[in-house]
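S.K.: The listed protein sequences derive, respectively, from chains A and B. Just so we're aligned, residue 0 is where the first sequence starts under numbering that gives the first Met the number 0, counting upward by one. Just so we're aligned, residue 0 is where the second sequence starts under numbering that gives the first Met the number 0, counting upward by one.
Simulated DEER-style distance windows between Cβ atoms:
#1 A:THR202 to B:ALA230: 48 to 54 Å
#2 A:MET0 to B:PRO226: 28 to 34 Å
#3 B:ASP228 to A:LYS176: 41 to 47 Å
#4 B:LYS362 to A:ASP115: 36 to 42 Å
#5 A:GLU2 to B:PRO220: 27 to 33 Å
#6 B:ALA404 to A:ASP115: 51 to 57 Å
#7 A:THR202 to B:ASP228: 45 to 51 Å
#8 B:GLU522 to A:GLU2: 46 to 52 Å
#9 B:ALA328 to A:LYS176: 36 to 42 Å
#10 B:GLU288 to A:GLY108: 43 to 49 Å
#11 A:GLY140 to B:PRO178: 55 to 61 Å
#12 B:GLU334 to A:GLY140: 34 to 40 Å
#13 B:ALA230 to A:SER3: 22 to 28 Å
#14 A:GLN57 to B:ARG524: 42 to 48 Å
The hints are simulated quantities; they were obtained by calculation from the structure and are not laboratory data. Glycine included, every Cβ here is placed at the ideal spot set by N, Cα and C.
Below, each chain spelled out in residue letters.
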Amino acid sequence: MRESINFLLAGVGGQGTILASDVLVNVGLAAGYQAKQAEVHGMSQRGGSVTSFVRWGQTVYSPLVGAGEVDVLLAFEKAEALRNLNQLRMGALALVNLAAIEPVTVTSGGQPYPDDATMRQKISEVTQEVIYVDGEATAQGLGNVRAANVVLLGALSALMERERLTGAELSAEAWLKVIIQKVPPKYVELNRQAFNLGRKAVTGLG
Amino acid sequence: MIKMLSGDEAVARGAWEAGVAVASAYPGTPSTEILENLAHYPNTYAEWAPNEKVAVDVAIGAAYAGLRAMAAMKHVGLNVAADSFMYASMTGMEAGLVIVSADDPAMHSSQNEQDNRTFAKFARIPCLEPSDSQEAKDMTIAAFGLSERFDTPVLLRLTTRICHSTSAVELGDRMDGAPTEPKPFPRNPAKYVMVPGNAVKRHPIIEQRILEVAKFAESFPYNRIEPGDPALGIITAGVAYQYAKEVFPTASILRLGMTWPLPELMIRQFAATVEKLIVIEELDPFIEEAIRLMGIRLEGKSIFPLVGELDPRVVRESAIKAGLLPISAHIPLPEVEVGPLPARPPVLCPGCPHRGVFYVLNKLKVPVNGDIGCYTLGLIPPLSAIHSCGCMGAGIAVAHGAVKAGSPERHVAVIGDSTFFHTGIPALINTVYNRSRVITIIMDNRVTGMTGHQENPGTGVTLQGNPTTAIKLEPLVRALGIKQVKTVPAYNVAEIETTLKEYLKLDEPAVLITLEPCVLLPEVRKTWIPLEVMADKCNGCALCFRIGCPAILKSDELDARLQRPKALIDAALCTGCEVCAQICPRDAITFRPVEMSEA
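The shape of chain A in the complex, shown without the other chains:
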């Protein structure tokens, strides 16, 4: 288990970014870390950028992570992954959701939306440790696209184990326990499945 881990979660309003960071900070606490979380949602209405920092460590002072000090990027949307790319430490771990949410500046303002090849190229200039997951498609398969954020948390849990950022002290069950506390009872089973499918997307067992 790493001594400290700095996470950056980046998404678009309505994707469940804040809920995911709420889960992550509590998972850190459950894993025995001191943990802090800070979110930046400002005036974001539905459709605005949302970013959130989560820090795990033996002692955590600042709730904010300085640019260049992000160890793990969890991007819920492709353009948001690019927007936050320069916050990462070189070689950081990146988990990028293959969702494209075009803002009104693209749909009616004529601004370009970055294409997939460019996005992958730019990310590869910062890190090779990147995994792409289609959270929405997986969640849709379970009948509720809103579970995409939990698919990504499942993928993140498996990815962090694989890259040895976490070890046996933090089981998948420990993650699930936190998630279940955070979702309405009627969605517990859906989120359990979403989490497990997210894990399989990384471990390749699915």
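Once you've looked at the hints, dock chain B against the given chain A.
M.R.: Chain B only, in chain A's frame:
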């Protein structure tokens, strides 16, 4: 028990543990969640007031009556409440009074980044600044004790990074010893009736009081020296303390939990033990200037920025530039040229009932004096229909002033329902009393929207979920002396346009109330029905793009004759408000099925 709490949640918890009996607030980012959370605790009365001044007066009244009380607001709310804040300092109270100000460095959702510690100094009131959620809880409790010990209101100053950061908090029980029953209201005019004859006697008392608090500050447990390397001494407070610890792990630190008044002896003692002294604080050089007046040499804003938020990187890079850290401390950035990325400006939501109004205002080309709320987003292209916006309640009077100055155009003021209750009413009275032709549009979406759906005097429900009188806008406006009042459904573009055109011919003040509940309210979500573009009828004229709706996209399909992209509606975003369908000149957008819109 340990729980992860945001700073706002922790303040609510602390107030409850301290036995707060009455709390009042007006919603404002980043303070809103304090009262939203406190409202759920037992044996505590919590309310939304129409504005911050009322909230502070309510808290003062409760504290006069002998119960612990709190008022909470965002930083600019204290401007509204300043009059009350000042007299509360003069009178003191019968029980603890804590005023919470949530400042917003970097202006994540504010019109300015004023540093409200200055208000504490101005009012001779102590100011406490927690550095994390645990301290937010503990110092809220300490604030009540301090308030009662010195018979003074206490300002608890938070910032966005304290309010909206989450960290572990050890929960306690509601304390014994806080008063639970009100005392008979004090008959003590010398203390509570601030006529000049009494006020002149109170002034020296509060000047003496702040000196006594300054003595107490020397032993206040949240002011503490953390000894370290004597080469560098850092005086810091609030969230800046966390950045200081992060960037200078071995330095000597004086962490101030009370930033007004300052513990002069402690500061002198600390300064004497270190070779170089700096202050790391967000926004104003508040601590820095006060220490400089003690004749102590130090640096602060010559190193760290005056404007915006600090973070570990800003602190580190500023320190490197000033030679406090070696260049090797620099943390490199990837510096990848990511190319142009589409902006995600905050926009009016798909289906927002304000959209049609702004479409018409843009078309009429009138100057529009706006206000604070979701509808301020009417400024964003292509709607581009807000031409001034300064603070809550300003728009109507700004329009009136421009008219009185002889502005040749007819002015329109737009204001939301909650903002109208907040400070719009006196300004509207002024248009009647002093006879100006201002047209006021009250955009009534049946909720306080921007801060996340709070109840208000028009909704018929209190903060704690009890039914109450819903104040109706139209009779209220008529009672203020406005003769021309009309309520129009906010999605009815033609009727809004017709009404405004009629109003433009009048020589008197007029009010248009546009009514439709916020489209994001749970009961409204159930009525969403996406509309469709009939591609065979659309010729790509692009008029529907002029309403700036995120649900209207450019299709890949081009009009065969004109080679323009046709419109396409994103069914996942469209709510079926029909504003686009109403303005489409070719009737190419479907309306809701009739039976559904009546249901």
